[in-house]
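Chains as they are written, first to last, in my numbering: chain A, 1 to 380; chain B, 1 to 249; chain C, 1 to 172; chain D, 1 to 601.
Just so you know, these hints were derived from the structure itself, not from any lab.
Each hint should be verified, as a subset may be incorrect.
[What the hints assert, rightly or not] So the derived label-pair ranges between C-beta atoms look like this:
1. C:R47 / D:F6: 51 to 57 Å
2. D:V21 / A:R282: 20 to 26 Å
3. A:R282 / D:S5: 27 to 33 Å
4. B:E208 / A:R47: 43 to 49 Å
C-beta: ideal position from N, C-alpha, C; glycine also.
Spelled out from the first residue to the last, the chains are:
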Amino acid sequence: MRPENYKPVQHSASHEYELYFGPNHPGIEGNYALKCVLSGDVVQSLRADGGYLHRGFEKIMEERLWIQNVALVPRICVPDPVPMEETYARAVEMLGGLEIPKRAQWIRALMLEASRVCAHLFYFGGHAATMGMYSNMFWGVTDRDLILDIFEEITGARIYHMYITPGGVRRDLPEGVLDRLSKVLDYVESRLPEFDNLFFDNAVVINRATGVGTLTTEQALSWGVTGPNLRACGLPFDVRRDDPYLIYDELDFDIPTETAGDAWARTLVRREELLQSIRILRQIIATLPKVGGPIRCALPNPLAWNVPAGSVYARTESSKGELGFFVVSKGGAKPWRVHVRGPSSMHAVHVLERLGPGSRLEDVAQIMFSLDACPPEVDR
Amino acid sequence: MSTDPNQAVACRTVDAEERSLLGRVLDRIADHCRARSLFVLHYCTGCGAIELPPTMTSRFDLERVGMQPMVTPRQADILLITGYLSVKTLKRVVMTYEQMQGPKYVIGLGSCTINGGMYWNSYATIKLLDRYIPVDNYIAGCMPRPEAIQQVFLDLMGRIDRGEAQAWKDYYRRYDWYLGQQQQLFGTNWQAPTDVVGEAIRYRLVGEQTLGSHTAHLERYAPYYDQLGIIRPEPARMKARPQLEVVSR
Amino acid sequence: MNRELESLDAVFREMPDLKVEHTGPRRTRIQVEADALPTLLELLKGRAGYLHLSAISCVDWPDTEEFELVYHLWSYQVSNLISAHTRIPYDPGRYVSVYDLHAPAVYFERDIHEMFGVWFEGCPDQEPFILTEWQGPPPMRKSFDTVAYVNDTFEWREYQPEWANDPSGGKG
Amino acid sequence: MSKGSFLRPLKALAYLGRPAVTLPMEPRPAAPNYRGFHVNDWEACIGCGTCAQICDNEAIDMVDIPELKADPLAGIKPRRPAIDYGRCCWCALCVDICPTGSISLSREYVHVGPDLNTYYILPDEKGIHGLNYPKGWSKSPDADLLDLKRQTMGEMEPQERLQSFAEMVAGFTPEAALMEASRCIQCGMCHDACPSHMHAPEYIRALWSGDAEEAVRQIYRTNPFSEVCGRVCTRRCEDACSLGNRGEPIAIRWLKRFAMDSLNHEQVRRIAAEGRELAPSGRKVAIVGAGPAGLTCAYDLARQGHAVTVFEALPHAGGMMRYGIPEYRLPYDRLDDDVDVIASLGVEIRYKTRVGHDISMERLRDQFDAVMIAIGLHKGRSTRVPGTNNENVIAAIDLLRDVTLGVAVDVPKKAVVIGGGNVAMDAARTLARLQTRAYGAVQVELVALEPADAMLADADEVREAKEEGVVIVNSRGPRCCIINGERLTGLETVRCLSIFDNQGRFHPLYDHEDAQVHEGDVVVEAIGQMSDFSLLGDKLTEKLDWNGPRPRIDQDGRTSEPWLWAAGDMVEGPDVIHAVAAGHRAAASIHNEIMVREKTP
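Extracted from the complex, chain A is given alone in its bound form (with noise of 0.2 Å):
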């Protein structure tokens, strides 16, 4: 496809050429682009573009109240949303100074491992697709489509949940759906030597994600990489672990790091992390029939609610990393400002644009997805 006032460029007889990777690729996370200047089929360089997905998610959200704002944050990522409501949640009650009761962090911080699954189920189809394996995206998807189910009967919708708001969650859960989402991660567990069949002891897969992306940890710290991919270099950095929220504190879990830094320790670690969500999930399931209580504190009249005037970085880990917000309050009735620091904001730019260069061409959709690099967290 040609950008419009497309005018020829006589390339000087070099073996170097310029070739546009997106927006309508399907090798393309996403709507994305990146444009790479290629020699043979060795990318030479590669520049991020991005803004496809923009929708001015931080300008429209000064101009909401902080309840409908509740509905606008699940858009920015796509197929992890419910983090983004959770964060955006937490900041709020920061700013407010309310307190979640106890029901509701666990029922939240059960959304959130949910979501967790789901999104690393999609990533490994989504991984493998890019080496032009399909089964797998077949597998994947389906299987996250039981948990979309779980969702939809605890929340009433498949992807966009709108349920965490700023105080709690906004219903309490249906009667038998722990006992249902018990039975699904059961599945989901028997489905992994499945998975590793067809993927993880697939020595076409390994042969072609091994060596492919590497970060040193050297380059990761100072890259602001965050979450699997830097724990995919030995960094056992997570903000569940290290800057809990909820009752991440009292819950029992691994951070499973690989050393190699390439797309198949990212792959691998996220395999683990896939466990340990499980893990955690069946920690809820048991618990959360003994915790009572409310499921949300008491709220002001969402249409005259001010929170009070001050600042909070609020933060928690997506499945793709370190996910911050940054939210101003005037003592309004709307966020002053209201900041998303998406965790692809930094793998998709940033470390893409220096992992890129020296690859091959068929590599860099791997790379990218193995970052589980998101657009639409990007373009906000």
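Please build the complex by placing chains B, C and D on the supplied structure of chain A, with the hints as guidance.
Chains B, C and D alone, transformed into the frame defined by chain A:
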């Protein structure tokens, strides 16, 4: 490529009222077959795209009705606008749409394509999709679930089968109007590589609003048109050819 | 004084004028003059282990015609987040880049330049990223009214639903 | 790390023998709280528009439905929400905030087609396609976005209240007022229900934003008796309040009081004078009776630059507000403040001047451009059962007036009050206070015709009266007063079976078998009041058109005599805020009339 519009290529897309009985029967047969093998362009323009993998994969399996994602616009039949479109994406969408071969169908997914949706007050997104490209079908939801997307595809298949999904012809007949809307957003320098006017002539889909003040802005790119061997849209020349029927809407 | 703040002692000794506030668990707010901020970041990184630049946020304060820049820094060692607040005037709207200290700054500075129009001296890349095809003013400024812009630029759907002819539909 | 195998993926071939996971083509039933298309119960919907206010995307418009009836007093507007599915994001905030719970989302989720007009719907209870899908996301009590509980207010204990006539409620604290004001959803039902159309949403919003001065400014747009109405208003607004559908309405009256209490008297005077016409118009208006209607009219006319003279028979202004309402409900200095604000605009009040006695109506007609009478209802009605001519059978209104005037009252040890309205409560509770002061014990029996659940008096009044020791006997009608020689010893009542006949007329049916005696030294009758029209004089009385016992007036308050207007309780029945509204109407009419007329010489 034939460069003379007068040779009026016997193309299968002439309007029904101009066709002979046999032609119409053949059209219906073609439509019937076409409806059973639709390729959807693989382009995630917005958030609704997240529900497409489930729709296309095992669980809601749209391959059973002959649908499949297709990676190139040239071979795709359906352009799915999955929700909001930023102005920046709209340019690519228009270019993609123009690259697709007729007959082609556009489906608007969710609130954003209808009246701005969630992002009605955003400076970055467009509000009414049908102002920029013709749309064949819509679906309510934010975002619509896979079963609902199935239904919109089935509905579209039925419309194609019955010969009702003709919105793509509107783009040729009223190209000046569509281009004007696009220019309002992108500026009058806006130009896509596809020669829509030339195609309209060849498909015999020139309407009263195919050419106008907005297409006149394209004249300045004439050297480029010539260089590519594409017919320049030239109102004067078209007037001189009475056999070219102007179809009024 | 807790563990988080202890690690900052070395920094505070160097820069006694800082306004430091412990705003919550693992959160410290520092108010700093614009010219002292790079020094602060350098000390925080060098002496106290604040390696991770989580984000740079910009806030527009039209009342005082100032931009507030907030640097969020995280220490992996002591698990503490420092938000360093500083203010720069609209005019000239320039500031120094901290790219040499924290590489991720380039993304945030580019973003702030794009959305607010602040120029960062020394930032290697301030080309448009998201708004490559945007002609208007930096949209995140408070002076840019998105609703007015939208109403100017776009039209709204004019529905003519059937029920508009008979709103009660026999229900009234 | 394992190197993997090239053959392992082949194991997936086993899937060829497994059942498919594919679902049938038709839409699955959605989850029980699914957020599908809107449904709206038109019977329950009150058209308040809160859903449209909370909507993120301005997807909801309120559409006027001509076939529906407006009922401002019940808080119902003839409009219903229409939903634009080109905007909706299915967040269901509209459901969670709906004051009535009428709007909810169904489990229907498929709507396709190219006709965009079908994407803008006026939902009813059948849903978008009339298919009666089961309800999905609907109101749940644990997740209501509205605060249905009122803020509490300090109140004296009953024993303490009985010791004096001091005001018994403390008024909101600033914190409570802010919280109470924040509950308001700005639907405007109160504005429509208020006879004077007070700008309650505006002043509540001003209080919420901490601007009491703006609140008072909004209050003074329509009501110069703000101190009074902040305490004793009949508050039609609260009956209409949307929040009252499922919870407690906003305490609009107490918020008004809070606004007035927040400002000092000088500030109020300044605000009341804002926008006043400073150049005298040269027109003179006489007003008879310094009650709420008369003084409101005087206030409006004075603000428009007319010279207003008010004639009041009693020594103080306020009319029924002073002489009918006991001081524990309305402290007189508060009333004085209101009167002072009005007087400060240049209104001249001539006290102890009884028209018809000290000055005749004819004189007023000749000396002024216009005359307005608002003499209220100061004569008590009697049940006229045998024995009521005894000197110890008194009218409640006389009792209350005497107490206010400071006339020594013989306090009965035991008293019986006849009546179930607010005046009866006032009389009973006043007697209770007098008895406490004189004897240290309350012995008041109140006999009401109505059953306990249909009392005419406010529920609060009934509750407070009971707390203070007044014994309320329901469903009993008086038969006769028991006179022992010359002395009154009590009242005999019979059981009342029903009060109204089939046509809704007052026609009580009694069970005469079921009689009961209530002992009492005094019987107080509080069954209604009437006006004393003797001031008009015979000639004028003859000339005027009458509507039963009241002069006939047009919608502006003008009588059949072109120079004479009438307003207030005497033509509309007893209610302060109605009187204020009538005062405004009459003032506007008088102003229009006299401005086109020649100046009097």
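To see whether the hints hold, each was checked on the structure:
Evaluation of the 51 to 57 Å hint for R47 of chain C and F6 of chain D yields a pass: the beta carbon distance comes to about 54 Å. Restraint check, V21 of chain D to R282 of chain A: a C-beta distance of roughly 24 Å satisfies the suggested window 20 to 26 Å. As the Cβ distance of R282 of chain A to S5 of chain D is approximately 31 Å, the hint placing it in 27 to 33 Å holds. Checked against the given bound of 43 to 49 Å, the beta carbons of E208 of chain B and R47 of chain A, roughly 44 Å apart, stay inside it.
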